[in-house]
Structures are given as structure tokens and as C-alpha cells.
Amino acid sequence: MPLVPPATLASLDLPGLLDGLPLGVAVLDPEGRVVTVNTALERLTGFTREEARGVPCRHVVRSGLSHRRNQEHGTADTEIVNRHRRRIPVRISAIPVRDTLGRELYRLDVVEDLSALKELERRVEEPGGIGRLVGKSPAMEHILRLIPAMAQSGAPVVVIGETGAGKDAVSEAIHKLSPRTREPFVRVNCGPMQPEVLEAELFGRLQPSGEVAPGAFQRAGAGTVYLSDVGELPEALQVRLARFLDEGVVFPAGSQTPERCEAKVIASSPSGPEALVRSGQMRQDLAYRLGALRLDLPPLRERPEDIEFLLAHFLDIFAAKFRKKVRGFTPKARRLLLAHDYPGNVRELRNIVEFAVMVCHKPSIPPACLPGHLLEQLAAANKGGGL
Amino acid sequence: MRTKRVLIPLFKDEVAPRFDLAAEALLAEVSPEGGIAVQDSLLLQPSADGLCDLVLRKDVDVVICGGIEEKYYHYLRWKRVEVLDNVAARAQAALERYAKGSLKAGDILFAMEEAHAR
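So the protein sequences, as listed, match chains P and S. Each residue of the first sequence is one higher than the last, beginning at 1 in my numbering. Each residue of the second sequence is one higher than the last, beginning at 1001 in my numbering.
FYI, nobody ran anything at the bench for these hints, they're computed from the structure. Remember, it's a predicted structure, so these values are computed and weren't measured experimentally. C-beta atoms are modelled at their ideal positions from N, C-alpha and C, and glycine is treated no differently. It is possible that some hints are incorrect.
Computed from the model, here is a short list of chain P residues facing chain S with C-beta under 7 angstroms [as the list claims (entries may be wrong)]:
hint, residue
1, Glu51
2, Gly54
3, Arg58
4, His59
5, Arg62
6, Leu65
7, Ser66
8, Val81
9, Arg83
10, Arg87
11, Arg91
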């Protein structure tokens, strides 16, 4: 292959070439000062090339390597803190640029953003769960297997479960695992609210100026609209929701002009659609449309094998959060906690552990550090039995 | 206005590029008239938590630093410590500029220093 003539090389638009690369690149002089950076690195670090010019590279690419006295060539995985105070995992490759006599003229620092890769690794390595969802029982493992499949479908999902069972966490997990993850996740509580206010909150409202004040569907765009307590939705709005699910259009309050919307709908309720229809809280046509994909979250009392796992899981989280050296529960506290039936489900268990870790100053949490109401309930339930 | 106690995490003689990785820090007092008295030079275990503890223990009013993570920035602000972050400069230059009342978060003084040197 013929060598590129020097004149041709000199005439190349190198800055343009660097800007076309998907990786961040900093061109450094032999003293390690920035000659220029490309567009990808401007985005990653938050520093423009004008600001970075002449500045020691360690103040622009603020990596874990920047505090070493001597920068080495080669590749290293590390993290940077960018101008927007975000810590970003990166892979940095330092490449010397030499002339034909072997003298080092410049150095290229090539910076690859590893955020997406690390996020994927974190999800894979998460102990027994997805996002905020954890559980080791067969029932939870079944749900954790279903969630990724439901996330790939554009069909509406209905999540059924008692209070505190994790309906919100499941809905967020479905959104996060879906191709819509970069789009908004808009949450609307359909609980007691004036129908007109709820209508505007959901579908938007036509203003006197002629503009539409966006509702949840407009804000979500191609993302997800999560309707919690969907059984509380007034009938008139149920009709409009069913129409959206059929035709993919919404009508803002006060407007006759349909607006197309690509959002996925996830609805949650403590009771299943058929029970809501029986009690007259939900129109049958909406129940059929919403119930295309359905997840039933079992209450904690029906999966006792998760209790111990969740106790350990939340203990780790809160011990780290409060910087306490709490490693477990005393045998008696553990027996008390396993005997409780958790009417408030995972949320109640989480709150109990948070309280216990907060008040405990010992390596193991004794019964005295558990919330008083729990001890009273258990004492009443076990009167004469002795735990 | 009263005398302000200023802490600068250091890398050699520069404001450390990273708050969490600084192994030294400079503690100084800046009087309302602009006088600077360097109080102490501290050796640290590089740790953002440790540095935050030190800031509170030494009653620091102002931290001048390079890159700092959001959570530590907000923690210090919550503790009513002024944080001038994203400063890229030699520590002395940053301190002098602060004493004159003209240092802002995001100031990059290196290129300017080079221009003066020439």
C-alpha cells in the first residue's frame, strides 16, 4: 500500500475526523496539556475545547489516574468526575503519537464511556432481583422472569397486589427494562381527585391561548404512563383510556382534536380487573384491554421464604446508609420478625429494618430495637405461647 | 464581613482535580481586607467522606476544589459550607483570586497564568 504523501496528510481535516468519532479524544502536548478535545469528550467532561486548551489534562479528564505523578501509556478502566458533578465509569487508552524518528510529539487520550456497560453488569449481578425488586421465593423468581418479557411488549400491563407489595417497583422495573427506558416514566395516582383535575392531569388541557397544557400522556411521549389505583378512575375517563388503548390517540380536555401518543400504559390496583368489574369500579371493556398482560404480586405472608432474605437485604442497605456496624439480628429478634405476618408487606418490613438499624448501637439488633407496635402485636398474638 | 477559613484539596501545588482523591489539603484564613494566612498543610487519606469530616471539624467556611461529586457537594452546601468547585488553577493563584473576591466556581486559571508568564 503506498504511503500517504506528507502534503496530503497535512491537508487532512483532523479536527473534523476526531469530531466524527464516537469516543472522547484529547490531544495532549508532551507536557500533558490539552491541545484540543473532540465533541464526544466535550459532552463527556462538560468542558468545551476553548476552555480546555492549554490546561493540564488532569483538570479536564478528571480520572482516577489523574492524581498519579506519572501518567503511563496503555489502557485502564477508571472513573471521571465531570463538570456536572457526575461520576462516570470510563476506559482510557493513552496512545503516543510519534514522528518518523520515534520522537513523541503528542499523546492521544481516548476515553470510552462505560456507563451503559456498567449498568448492565450491575443489573446482572444484582442479588436475586431487578432494580428495587428482590426475592428468592419461587413466586418472586417467576415474576422476575416474567418482567423482562412484559417489558419487551408494547401491550398494557396490569399489576395487582396488596399495599406495600411492590407494585410501583414492578412498574418501574418494566419501564427500565423496556426499549422505552430512555423516555419518561410518568406516574399518575388515580386516587381521590376532582374528575376535571384528573382529566387534565392525564390527557392535558386546551388553554384559552390555544396551546395544550401537557398531561401525563403528552409528557410521557413514547415512554410509559403508570396509573396507580386505576380502579379509582371515574367512568368517563375510563372510556377515554379505553379509546386510547384502541386507537392510540388522546383528546386534551376542552379539545376535539386528537393527539397521537405512543406511550405504554401500566396500571396497578389492589384488586384484579374482574373483581373491579364485579364491584362496578371498572368498565368491562377497559378491564379486557388493560388485562392483556397481568402480574399478580403475592403478599409477603404467602412467601415466607423471602422474609429472611429481605431482612438481610435491607439490613445491608440501611447499615451502609447510616454507617452502622450492624451485622444481624439476635436469635430472639429474628424469631419475632419471622413470626410477624407483615400486613404492610415489603414496605412494612423495610420500615421495620430501617427503624431497627437507626436506633441500634450493637452488632446484633435485639428485640428492644424493634418498633414498639410490632412488639405489642406479637406479644398479644403470642400471649401465653412465648416466642 | 469576618475572616473566612478556606480549605483547598491539593495535588502538588495545584487545586486537586478530584476532591475524593486529594492526599493533601491547604487550610488558610482570608481576612476581609484580602490578607491570606496559610494555617496548615494537612496530609490526608484520599477519601471524600474523610475530607468532608475534616471540613466540618476545622470549621471551614469555603472549599475551593476541582471535580466533586454531586452528593458531597450538596452535603457540604447543606452544612452551610460554600463550595467553589470546578476550579482548575494553582492553589496559590486560586487563593489570591478568592482573597480579591473574584474567584467563581468553574474558573480555569491555567491558560491565563501561561499568558502572564509569556
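These are the hints, each one checked on the structure:
| no. | hint | verdict |
| --- | --- | --- |
| 1 | Glu51 | holds, 6 angstroms |
| 2 | Gly54 | holds, 4 angstroms |
| 3 | Arg58 | holds, 5 angstroms |
| 4 | His59 | holds, 4 angstroms |
| 5 | Arg62 | holds, 4 angstroms |
| 6 | Leu65 | violated, 10 angstroms |
| 7 | Ser66 | holds, 5 angstroms |
| 8 | Val81 | holds, 4 angstroms |
| 9 | Arg83 | holds, 6 angstroms |
| 10 | Arg87 | holds, 5 angstroms |
| 11 | Arg91 | violated, 18 angstroms |
Against the hints set out earlier in the document, violations occur for numbers 6 and 11.
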